[in-house]
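Note that the protein sequences, when read in sequence, are chains A and B.
Just so you know, we're using my numbering here: the first sequence kicks off at 1 and counts up by one.
Just so you know, we're using my numbering here: the second sequence kicks off at 1 and counts up by one.
In short, the hints are calculated from the structure, not lab data.
By construction, the Cβ of each residue, glycine as well, lies at the ideal position given by its N, Cα and C atoms.
Derived BS3-like pairs (lysine-lysine); straight-line CA-CA distance at most 27 Å:
1) Lys304(B) <-> Lys79(B)
2) Lys54(A) <-> Lys375(B)
3) Lys54(A) <-> Lys304(B)
4) Lys126(A) <-> Lys228(B)
5) Lys58(B) <-> Lys345(B)
6) Lys126(A) <-> Lys249(B)
7) Lys215(B) <-> Lys126(A)
8) Lys126(A) <-> Lys372(B)
9) Lys126(A) <-> Lys225(B)
10) Lys223(B) <-> Lys126(A)
11) Lys215(B) <-> Lys54(A)
12) Lys126(A) <-> Lys375(B)
The following residues of chain B were derived to be distant from chain A, with all beta-carbon distances above 10 Å:
13) Lys58
14) Pro139
15) Trp165
16) Glu202
17) Lys299
18) Lys345
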Amino acid sequence: MFTQQIINGLTMGSIYALIALGYTMVYGILRIVNFAHGDIFMMGTFFGLLLTQKFRFPFPLALILAAIFTALLGMLVERVAYRALRLSDRLVLLISALGVSIFLSNFAQLVWGTETHPFPSGLSVKSFQVGTVTLSNIQVYILILSCLLMIALHVFVHKTKMGVAMRATSHSINNARLMGINTDSIISMTFAVGSILAAVAGILVGIYYDAVYPTMGYTAGLKAFTAAVLGGIGNIPGAMLGGVVLGVVESLGAAYISSGYRDAFAFGIMIIVLIFRPSGLLGKKQQEKV
Amino acid sequence: MKRRGKLFTLLLVAVVLVSLLAGCGQQKEQEAKTGEIKIGVAAPLTGASAQDGESIRKGVELAVEQINAKGGINGKLVKLEVADDKTDPKEAAIVANKLAQDKSILAIVGHFNSSATLAGAPIYNKEKVVHISPGSSSPAVTDAGPYTFRVITTDAFQGEYVAEWAVKDEGFKRIAIIYENTDYGKGLSDVFSASVKKLGAEVVANESYILGETKDFSTVLTKIKNAKPDLLFIGGLYNEAALIAKQAKRLGLNLPMMGVDALYSDALISLGGQDVEGLLLPGFFHYSSTNPVAQEFIKAYREKYNSDPGTYAAYAYDAANIIFEAIQKAGEDRQKIADYITNLKDFQGATGINTFDENGDVLKEPLRLIIKNGKFEIYSE
Chain A
1 MFTQQIINGL TMGSIYALIA LGYTMVYGIL RIVNFAHGDI FMMGTFFGLL
51 LTQKFRFPFP LALILAAIFT ALLGMLVERV AYRALRLSDR LVLLISALGV
101 SIFLSNFAQL VWGTETHPFP SGLSVKSFQV GTVTLSNIQV YILILSCLLM
151 IALHVFVHKT KMGVAMRATS HSINNARLMG INTDSIISMT FAVGSILAAV
201 AGILVGIYYD AVYPTMGYTA GLKAFTAAVL GGIGNIPGAM LGGVVLGVVE
251 SLGAAYISSG YRDAFAFGIM IIVLIFRPSG LLGKKQQEKV
Chain B
1 MKRRGKLFTL LLVAVVLVSL LAGCGQQKEQ EAKTGEIKIG VAAPLTGASA
51 QDGESIRKGV ELAVEQINAK GGINGKLVKL EVADDKTDPK EAAIVANKLA
101 QDKSILAIVG HFNSSATLAG APIYNKEKVV HISPGSSSPA VTDAGPYTFR
151 VITTDAFQGE YVAEWAVKDE GFKRIAIIYE NTDYGKGLSD VFSASVKKLG
201 AEVVANESYI LGETKDFSTV LTKIKNAKPD LLFIGGLYNE AALIAKQAKR
251 LGLNLPMMGV DALYSDALIS LGGQDVEGLL LPGFFHYSST NPVAQEFIKA
301 YREKYNSDPG TYAAYAYDAA NIIFEAIQKA GEDRQKIADY ITNLKDFQGA
351 TGINTFDENG DVLKEPLRLI IKNGKFEIYS E
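Just need the whole structure built from these sequences, with the hints factored in.
So, in structure tokens, the structure goes:
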């Protein structure tokens, strides 16, 4: 049972990690928590559903197109809800983020209804037995695809010019601008990348559970945010680690202690980590700028 | 002279008074003729149970449309005051205050979730206004107060019924329970596991999940798989039941499953597909039932909404019709309506024959159903 529970936890954890990356990247650059991110994740899933179900695109193509649409949505949200407020108080941005979040989830309820939709991906679900562990092909896709995406993100941030510019902007927006970096487009790009990851995570979750619904962004967003804080918000490897740790702890806690306290384990581990390492598992100590 | 003057004044006063009173009466009568009858609906139109809330709203709206087409109640048209409790007990209390304090509202259909009903009940009972829940089946609602009624049987009743069916009739011995951690799920699991034990079977696993938050049941199911049960009982709602069935199959857990009538919805089949085949459950409302009210309701619902009604639409429809009958027979008075419903016997509704006991709980006999070839069918062994 132990190995099975670890696998269950890793699957959930890698989804959390993908979403957490969006939170952490935006926080790293703008120092705001983009509370609309969970709902962008939900919208991405609905885009995927729409493309596979209504327009009958083959699954890989639908995944890519949905990711592109979600990226555009992420950029639009940044343009409309955050850019004009960038110099105002952090609290104003936070409220704007909450507003976008409520808007998106209500929008989805209006357009697609409040019910839970199945996600017919066209992928047939197969389970196979490895020793005592039962794995489904979708679990394997989730693990592989999220690993690939995280590696791709790492390469993008560390090896490309755009990535360097992104890190520079994250270090200091003003200095980056003085170096001739177009920070507006970098910020836009950050939202786009975060949204792409969220869309992929959403579609994977959608197929895994075969269920898509307008409020799915709330819990997923909350857990992913926890994962980001756990790993050290603003830190990319931290978000990945945080997501995986959260998934595994949740799964083991529910398995060996009590399934009713599943979420208590998730948030409990965050509190414990923050007591001993206030800036998260991999976060660097930082002096609060006033 | 003086005397006559006094007499005259008295007469004048009397005349004025009488005419005033008469005028009042006339005005009142007129108001009554042109007025309307207001009924409240308190349902979760948003939040985790939004799907059922929508179903309830549609069921009540259909009942209202039908009665208004017949000229309303005592010549007055029925008007709805719909309020959203957001699947949240805190919000339910706010909604209850709003509806109960509006004295023009004669009775309320609501709430859906047991937690919401339990939050609203003290307020309705304080204001002495009847509310009929179309979906709260928690045993705790029994003691909620004399103005709290429901058209759905309690979980205690259903839990015992399913336990007997499972152990006595089907012969299951090792039972695993998975329930949602709410008043509803907890109550159901408590009653079910107690009855199962009393009948001599064993509860080998008893696991919970949080409604609307947990969509990943792999952890819980792995635990259940290890306990080697021969039956999985689901004390939850259909969205989760579909996910549980799917994820169970994916983990290689092939078990017969049973549930209660809360699972009775087409959404269970459209979400669960092949994986919910063979699931057994009791139900009160079925398409092939011979109940004429049910048949008529299904036809009217399809015509109005172009879709099939769910169970809760039928319960809500019955709740609304019981209120209408009470107003018609007893009059437009909150207390009289309550007295009428307390003594109501054998009301023929879409979900069966409704009789209320002294606690406001409904008594009715369920049908046994099975999911077969993607449809709910009447089960016969």
